[in-house]
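Spelled out, the chains give:
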Amino acid sequence: MNKELTCINCPIGCHLIIELDQDQKPIQVTGNRCIKGKEYAIQELSEPKRMLTTTMRVINGEKPLVSVRTSIPIAKDLIFQVMDIIDNTKLKAPIMIGDILIPNILRSNVDIIATSNNKLAINHLDK
Amino acid sequence: MIKNNYQLVVIGGGPAGLAGAITAYENGLSNILIIERNEQLGGILQQCIHNGFGLHLFKEELTGPEYAARWIQQLNDKKITIMLNTTVIDINENKEMTIVNETGLTHICAERILLAMGCRERTRGAILTPGYRPAGIFTAGLAQKLVNIYGYLPGQEIVIVGSGDIGLIMARRLTLERAKVKLITEIMPYSSGLIRNIVQCQEDFMIPLRYNTTITKICGQDRVTGVMIANVDKDRKPIKETEEFISCDTVLFSVGLIPENELSQKIGISIDPITKGPIVDQNLETSVPGIYACGNVLHVHDLVDNVSSEAKRAAMSMINKTNKPILINVSFDKNIRYVVPQKLTNLNINELILSFRVKNVYRQAMISVKSNDMVIYSQKKHIMTPGEMIQIKLISKQLEMIKDDLFLSIEVNKNE
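Here the protein sequences line up with chains A and B, keeping their order.
The numbers in the working numbering rise by one with no breaks, and the one at position 31 of the first sequence is 31.
The numbers in the working numbering rise by one with no breaks, and the one at position 393 of the second sequence is 393.
Chain B extracted, bound-state conformation (with noise of 0.2 Å):
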């Protein structure tokens, strides 16, 4: 039995669900639902209090509340329909959704979905770190909820494992909140957080970084005494000589972001290995058609200006769709990790933006996309890093020469 029918239901309330929510309204869209299963719209902006958003949309430094304001905002004099404090339980490839709140289960259905459920933070587990299981470890994010949200220091003596932008960020958040972050231990011979965010680490807080280090053991029964810390070797492997112990009552984990998506896979979606995200055309379209995925969900973005300017993407292309005459297959070679979208099935479009990542470090290396050997873009940069995201742009010239599959090539510099 179903209640209600809507042309567009947007999963998830954050950036992406705003903006391709606020987006398909503005081009024609009507009876647009958006779910959120918080209890205000925002997503993880709400605690991100730090500046540094909206840079390129609105050549501003936003804070994140700011940003989301921003967004909010313009939900004021559009028909939306927002479901707060709702989950979508249930949900299959005709696009009928079971979602419970408050008032009860209520099933629904919509012409077409725009996937926006952002991504979740990877945990101890899966670093596979040994150690008893006492009270005191956290993942960053959610140390940051705890501070940013309710007001509560999770600790006094801090380890952070990993230094990702949301570890490092908490590191300087807990420092001016007077913990003592003793150490910021990296596996990798680098950093994927920003350099503004290293620098101000260290040098503005005096919170050392280790390198090529990693977290050997959780010690403690009831609450945290401390871990077990050792060097590794180039395979990535602890020395056990190296191990020593540092005191502290919290352990932080900031090892990466996943996806989340289990309503994707419940719908039989095909996902991609590498992005842990749906496999999607330029449209930003799922296997499955009518239903789009864009922001977090689809790939982990380091910048919140990019998963809005995706979600409007997804929104527009839904309304622009045209038929599916071709498939072109992008693939790319040993330095790169991944590459979105992975299909395209129409060149008669526009622009068409790849988003990818590299697999190290590499300097002074040179972007190669061909097609049928022949090369359609190229350029220089001067650094990539597997922290970055990378986007280019292919105009309608470009696509004009696309033959057959593309393939994306980073092509590094011997004397680098």
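Here chain A stands alone, though its shape is the one from the complex (with noise of 0.2 Å):
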């Protein structure tokens, strides 16, 4: 059994084939120009991981959003079951980058943290 990826590393794309034992366990890559390419196929086939970068609602803020991403990539499987929560989480401003703004997601030992800082509105302040 074979597999057939495209490595992402560079522009060259490598067309990487993976061949596979019974288990489904890579016995051998070929295809690749280099080591990243192997270690790429391999992370690809045991557990696909990906950083996810999307946005969070802020209540008082003096923007309406503050961008976040994970803090390490996680599990491909898991991504929009992560948008889930995050879309129905809500924030309270002051909010600044690298605010861990939901601890250990899903249980994946992933934090989401803000990439930007969303200060207090000036109007909230008045009040």
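Rather than coming from a laboratory, the hints here were simulated on the basis of the structure.
Certain hints may be false.
Partner residues are not named here, just some residues of chain B that face chain A (Cβ under 10 Å, in silico) [said to hold, decoys possible]:
#	residue
1	H50
2	N51
3	E61
4	L62
5	T63
6	A69
7	V147
8	I149
9	Y150
10	L194
11	V199
12	Q200
13	D204
Ideal Cβ positions, reconstructed from N, Cα and C, are used throughout, including at glycine.
Make one complex out of these two single chains by using the hints.
See the structure below:
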């Protein structure tokens, strides 16, 4: 059994062919021009992970949203479940870049952290 | 009546303007002003919430806002004046400017100007798409601003025209926010986007991407109801028999970027018809002495790291500027679309970076730089694509070999 992938590490885009054994474990990677291709193929077959970047609502901030990301790449299969949680969470300003907004989301050992600042709205301070 | 005189005025507070102003300050210029028309610094980075920025300069994969914050932070301990919500409305070759903001009109003048206004998106009009003008037609960058800054989804069923990086990134982003991206069309047989973006769109989010395909009509009167698409022939003309209707409520255009040079033209700066940016020399100085250009206003970049580096070079060269004893033109063969800088006025420099784009996809081809028929630089590349800006660096040993005009060429391997 073979599996095929396109390497995403650089503009060459090597066509990777991964030979699998009966337990779907990789035996050999061919088609790669460098070690990064092999590493990518093995990670991609065992547990594909992606960095997730999105936004979250902020209720009393100077801006309606704050941009966020996962602290490290998260399992690809979890992405839409994570989006559900993020979309149903409203945050309160102020938020500073690097703040942990949702720790250990879905017990994945991955945090959701802020990638921008959102100060308290000025009209909110007046009240 | 001139109120203020600055040693350096930087027009634009995006990645180019920030790096230029900071580098100029660190190397001895004082009384620096950054003029930014937006309400915050950082330019387009603030809406580019995806990661992948800063790999070269910071050795990290930052998101756009994080990359901007790294630079904005560096302003804290520096006396650089920032004017936000401020627009330059008039400017001349004597470096006098009229600027406007909520305090009204102000006249200022500068000893040096760094043009860092960036670029803007080409629109539907630029590719002459026929049809009605209903609601639901956006450029990909505007849709990105709506989603990532204001929190609005521009529509539910989306067709994206053009497979450049912004289009691919928005296809992914909209899918994540539960919109249905029905199709990405690309008129060329290849995408100008990064492999990573293409593969992730197609394989992670199952978004169809059709090459050699164009949009022939936008349908709908009040709101978009769909588009007509068709395959194109080898001259990129639609083949009528292949036309089909795709229903959608939103069309996004990701069809290229143009440097924003209205101010440069007002000054009377010479513009390169291919890059649509100022013609510059090795100092990144324009045809008007004391006015420099860097970043996307000079030529459209794919990597922000290269924008920041270019801005640093512009700032350094305005400080170390020497006079102009010579003139060497930089020309190129038919496989190359443009080269920046377009001319050299001084060879007494440590290194020279030539940035260029090719016209087609070339595999296993050779880049060569000649002067007076002598090869002074050559490098083999696995792959070169029109979507990827290529930079080569000539060092002083090679610069010494320049005797006449420079000529860049791509020597294509016939077997490939």
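Hints, one by one, checked against the model:
no.	hint	verdict
1	H50	5 Å, holds
2	N51	5 Å, holds
3	E61	7 Å, holds
4	L62	8 Å, holds
5	T63	4 Å, holds
6	A69	6 Å, holds
7	V147	8 Å, holds
8	I149	7 Å, holds
9	Y150	6 Å, holds
10	L194	7 Å, holds
11	V199	5 Å, holds
12	Q200	7 Å, holds
13	D204	7 Å, holds
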